[in-house]
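**Student:** These protein sequences, in sequence, are chains S and F.
Heads up: the first sequence at position 46 corresponds to 46 in the working numbering, and the numbers run straight through without jumps.
Heads up: the second sequence at position 76 corresponds to 76 in the working numbering, and the numbers run straight through without jumps.
Just so you know, the hints here were simulated from the structure itself, not pulled from any lab data.
We put the beta carbon where it would ideally sit given N, CA and C, even for glycine.
Hints should not be assumed to be uniformly reliable.
Said to hold, decoys possible - Selected chain S positions facing chain F (Cβ under 10 Å, derived; list incomplete):
1. Leu-37
2. Gly-58
3. Gly-103
4. Gly-133
5. Asn-135
6. Ser-231
7. Ser-326
Said to hold, decoys possible - Pulled from the structure, derived: some chain F residues nowhere near chain S, Cβ distances all over 12 Å:
8. Asp-26
9. Leu-34
10. Gly-55
11. Pro-57
12. Arg-58
13. Arg-127
14. Glu-153
15. Pro-156
If you want the building blocks of each chain, they are given just below.
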Amino acid sequence: MEYMPEFRLCAPASVDEAVGLAAADAGARYLSGGTDLVVNVRRGIERPAALIDLSAIGELKDIDEDDGGLRLGAGVVLRDLAENETLRRDFAAVAEAALAVAGPTHREYATLGGNLCLDTRCLFYNQSEWWRGANDYCLKKEGETCHVAPKGSFCFAAFSGDVAPALLVSGAEVELAGPEGRRRIPLAELYNDDGMDHLALKAGELVAAVHLPGAVAGVPSAYAKARVRGSIDFPLAGAAVALAMKGGGVEDLRVGLTAVGPRPFLVEDTERFADAPLDGAALDDLREMVRAQAQPMRTTTVAPWYRRRVAGNLARRLAAGLAAASP
Amino acid sequence: MESTLHLTLNGRRRGDLVPDNMLLVDYLREVAALTGTKIGCDGGECGACTVLVDGRPRHSCLTLAGACQGRHVETIESLEEGGRMAALQRGFHEKLGAQCGFCTPGMIMAAEGLLRATPDPGTEDIRASMASNICRCTGYIKIIEAVQAAARELAP
């Protein structure tokens, strides 16, 4: 790995101060746990003029009750998220997803906001400077061709955060803070379908908090992922499912996917399962629907067809488990 | 850019002028001369550089030294008790939890973090909370036995 490039390190005490620092320096990047960003800095992928360390900002570390739901500070570390009793009870998929990120040591300092803003990943991108240089670089960084799909001008690098799909099925909104003040948007709108520019954050904006709605609290949900190393790894494919049943039929079924494209997303058309029982045939249907909408490219060492099949099967398995457990 | 880093390192307060881009692992090894903390993969994948920051395990290769302003950092060197090995170190020694020894400081610091939170861990607790640490020699069974032996020795 490369040695560290030169940069300034700032440690603001409040969100407003952090936003002010970012506004004053276009080359600055926000830093939280650093499990993703510091690796990329060391690989020469990121060359920030300054890093704005958010870890001393108390406001970002709170978990509060909010109108029957929860407001999760973006600086909450994944371990605390995974162990939070309210979250485990009311939004199980979110706690399970937090527990599925990387390994236990990472989760001690990697944060919720960092996992949502994780850079997209690709076999041709997450490499050392000399490896990328020797292989002609790639479209996402310094190169002119995408080595995954050489004829196109689209970057297929995959979003690989685990928590986002779990938040998507829970109807989460994110609270953003920037030079123009605060705004709140549905989580889905935080992401663009573009591996080179997957975050719809404006210049100098940061994720301050995540809001989970009270209306969804208690709806059974779960998260599962496939990975190369079971102990510590990014997902090859990850699925979150939330399932509300009523009188033996489906009231609401939502499936969120990650790591099968440049952004996490909700599977479309799951409304068609409403009011019918979730039997074997319906579950097979769901599996095929997920498989068709998951479109991973060759961004990992594992073949795309496998990741597509895994995404479908993970969703089916989770939905079957939730259906079996519902009264 | 450089700034003065004040922190408590292995129980002692100290201040050093460090570059903004210095990693904690380089600070520990090059400035504080504590070479027990190892550099393995350089990217958070192997756990050899694990230290405790405010009592919680953390990769010193992915942590900026400047981000430890005012914090408590503990390395493998902090464990010895009056020149003798601590229970965890003795466990690794006696149960053959260390072979080549390169992963051992990180393993022990991850285990130290575990035992402080969970003094009587089961096998699954040990596996789950040390999953960020890779060992290429032992096959892990001896490491689990080492942590259990230390936990037994420390039990009241």
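**Student:** State for each hint whether it applies.
**Tutor:** Results for each hint:
The restraint placing S/Leu-37 at the interface with chain F holds, with a minimum CB-CB distance near 9 Å, inside the 10 Å limit. Interface restraint check for S/Gly-58: the shortest CB-CB distance to chain F comes to about 13 Å, outside 10 Å, so the restraint is violated. Interface hint status for S/Gly-103: upheld, as the beta-carbon distance to the closest one in chain F is roughly 3 Å, under 10 Å. The interface hint given for S/Gly-133 is broken, as the beta carbon of that residue sits about 18 Å from the closest beta carbon of chain F, more than 10 Å.
A distance limit of 10 Å between C-beta atoms decides the matter here; for S/Asn-135 the minimum to chain F is near 19 Å, and the interface restraint is violated. Because the smallest distance between the Cβ of S/Ser-231 and any Cβ of chain F comes to about 4 Å, under 10 Å, the interface hint for this residue holds. A hinted interface residue such as S/Ser-326 counts as satisfied when its beta carbon comes closer than 10 Å to some beta carbon of chain F; here the least separation is about 28 Å, so the hint is violated. With a minimum CB-CB distance of about 8 Å to chain S, F/Asp-26 fails to clear the 12 Å threshold, and the non-interface call is violated.
Chain S leaves F/Leu-34 outside its interface by the beta-carbon criterion, the shortest separation being 19 Å against a cut-off of 12 Å. Taking the minimum C-beta to C-beta distance to chain S, about 10 Å, the non-interface status of F/Gly-55 is violated against the 12 Å cut. Remark: the non-interface label on F/Pro-57 conflicts with the geometry, its nearest Cβ contact in chain S lying 5 Å away (cut-off 12 Å). The beta carbon of F/Arg-58 is not kept farther than 12 Å from every beta carbon of chain S, the shortest such distance being approximately 5 Å.
Here F/Arg-127 does not stay apart from chain S, with its beta-carbon only about 8 Å from theirs, under the 12 Å limit. Distance check on F/Glu-153: its Cβ is at least 23 Å (rounded) from any Cβ of chain S, clearing the 12 Å threshold; non-interface status holds. At the 12 Å boundary, the C-beta of F/Pro-156 stays outside the reach of chain S, the nearest C-beta of that chain being 25 Å off.
When the structure is compared with the earlier hints, violations turn up for hints 2, 4, 5, 7, 8, 10, 11, 12, 13 and for no others.
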